[in-house]
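There are 2 protein chains.
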Amino acid sequence: MHEKLEQVRPADIEKRSFEIITEELRQKGKVLTPGTEPIVKRCIHTSADFDYADNLVFSQGAVEKALEALRQGAPVVTDTQMGKAGINKRKLAQYGSQVYCFMLDEDVAGMAAERGCTRACASMDKAAEMGLNGIFAIGNAPTALVRLCELIEAGKLKPKLIIAVPVGFVNVVQAKEMILDLKDVPCIVARGRKGGSNIAACICNALLYMMEE
Amino acid sequence: MHEKLEQVRPADIEKRSFEIITEELRQKGKVLTPGTEPIVKRCIHTSADFDYADNLVFSQGAVEKALEALRQGAPVVTDTQMGKAGINKRKLAQYGSQVYCFMLDEDVAGMAAERGCTRACASMDKAAEMGLNGIFAIGNAPTALVRLCELIEAGKLKPKLIIAVPVGFVNVVQAKEMILDLKDVPCIVARGRKGGSNIAACICNALLYMMEE
Numbered sequence: 566m567h568e569k570l571e572q573v574r575p576a577d578i579e580k581r582s583f584e585i586i587t588e589e590l591r592q593k594g595k596v597l598t599p600g601t602e603p604i605v606k607r608c609i610h611t612s613a614d615f616d617y618a619d620n621l622v623f624s625q626g627a628v629e630k631a632l633e634a635l636r637q638g639a640p641v642v643t644d645t646q647m648g649k650a651g652i653n654k655r656k657l658a659q660y661g662s663q664v665y666c667f668m669l670d671e672d673v674a675g676m677a678a679e680r681g682c683t684r685a686c687a688s689m690d691k692a693a694e695m696g697l698n699g700i701f702a703i704g705n706a707p708t709a710l711v712r713l714c715e716l717i718e719a720g721k722l723k724p725k726l727i728i729a730v731p732v733g734f735v736n737v738v739q740a741k742e743m744i745l746d747l748k749d750v751p752c753i754v755a756r757g758r759k760g761g762s763n764i765a766a767c768i769c770n771a772l773l774y775m776m777e778e
Numbered sequence: 566m567h568e569k570l571e572q573v574r575p576a577d578i579e580k581r582s583f584e585i586i587t588e589e590l591r592q593k594g595k596v597l598t599p600g601t602e603p604i605v606k607r608c609i610h611t612s613a614d615f616d617y618a619d620n621l622v623f624s625q626g627a628v629e630k631a632l633e634a635l636r637q638g639a640p641v642v643t644d645t646q647m648g649k650a651g652i653n654k655r656k657l658a659q660y661g662s663q664v665y666c667f668m669l670d671e672d673v674a675g676m677a678a679e680r681g682c683t684r685a686c687a688s689m690d691k692a693a694e695m696g697l698n699g700i701f702a703i704g705n706a707p708t709a710l711v712r713l714c715e716l717i718e719a720g721k722l723k724p725k726l727i728i729a730v731p732v733g734f735v736n737v738v739q740a741k742e743m744i745l746d747l748k749d750v751p752c753i754v755a756r757g758r759k760g761g762s763n764i765a766a767c768i769c770n771a772l773l774y775m776m777e778e
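Chains A and B are the protein sequences, given in the same order. The opening position of the first sequence corresponds to residue 566 in our numbering, with each subsequent residue numbered one higher. The opening position of the second sequence corresponds to residue 566 in our numbering, with each subsequent residue numbered one higher.
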């Protein structure tokens, strides 16, 4: 005999979920950095993985700077269609902003072939060429993070925030550490192997929902 | 000093990732059910979470039945735009099939309001009304799983496969057990709280890539 379905109104499911997450974090003795709680909890909500209570790293003042950037209409650039699909574009539009993903663009495929790099790299080049000094939400490609570092160092790009949460087994850990080593670029990083397009979208959305509070 | 970037050609990154996953599964002493390995490993690849080696449950013959359904052009119905964005639609088109997501449809919003249910429920009703007896890839809404059970019981829907991988804290565990209790409906279930749209898409893609081998 299985546990019965809990009677929760659809509108209350998210609230109830966050209550459970908050209670279990307390039971586990996890203390989150003040101001980062809504982001960390939303990552746990998206993945049911409490590792995000430990692996998310925020540079000094990253959340405040991100909220200020969003308030000023900073564009969001992401490296997957899934990330783009997951980001709340209606909320973003309220601040006059939008999400860009260049991964399927023909010119990006051409640039990647010409420059001998991944399409994720070329899509960062395209963002720099377009002057999109906004929020970079990278959930898939460590090569995109490495290229961001190169573009920043070359003075070709100045992101308002880098959300560095690619998932995987090859160069993911190292590329995230490169972002953490950057000076003067706010970042939110899922240290280690974990992350994903869903986590990238979820952090963007957590920031957008924080602006309503 | 951080670990250096590994020199791996972009085209080889996935292969190298699967080698690492295979080796770490071996080290952990995990033995996967024959025939399910490519699916389990791709879920780990998508999440960097080895819990999927333990929590994925396959009904008897589920993989073979899923591959046969895809070969015959079975449509895929999913419950999020992110899932739809993540599923390899080019591969699916090779078998004359496509992905449906009704979550943003106006008639679904109307049905949900009228019937007092979630849009995820109403989108399952719409799939049944359209006679889409295909593959249901559910990565978000446990209410969609509950409605699938009701539609199947009422003889209004006969899915070829249910991929039951919603993530979350409210009714997720229970709804997945309801799917596992179904007779005569092949299913792939991420038992417990974990899953997500990314996992739903990844299981679809793993099946599509198995057809090429």
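Possibly wrong hints are sitting among the right ones.
Since copy identity is lost for identical chains, a pair holds within one copy or between any two.
Said to hold, decoys possible - In silico SDA-like pairs for lysine to any residue, Cα to Cα no more than 25 Å straight-line:
hint : residue 1 : residue 2
1    : 595       : 615
2    : 654       : 749
3    : 654       : 680
4    : 569       : 638
5    : 593       : 616
6    : 654       : 671
Worth flagging that the hints you see were computed from the coordinates, not collected in a lab. These numbers were taken from a predicted model, which means no experiment stands behind them.
The hints, checked one at a time:
Proximity of residue 595 to residue 615 under the C-alpha cut-off of 25 Å is found in both arrangements, the shortest distances being 10 Å within a copy and 22 Å between copies. In this assembly of identical chains, the alpha carbons of residue 654 and residue 749 never lie at most 25 Å apart, being 28 Å within a copy and 40 Å across copies at closest. Proximity of residue 654 to residue 680 under the C-alpha cut-off of 25 Å is found in neither arrangement, the shortest distances being 32 Å within a copy and 28 Å between copies. Proximity of residue 569 and residue 638 under a CA criterion of 25 Å is satisfied in neither setting, with 45 Å inside one chain copy and 36 Å between copies.
Taking the shortest alpha-carbon separations for residue 593 and residue 616, both the intra-copy value of 11 Å and the inter-copy value of 19 Å come in at or below 25 Å. Taking the closest pair of Cα atoms, residue 654 and residue 671 come within 25 Å of each other both inside a single copy (23 Å) and across two copies (18 Å).
Comparing the model with each earlier hint shows violations of hints 2, 3 and 4; every other hint is respected.
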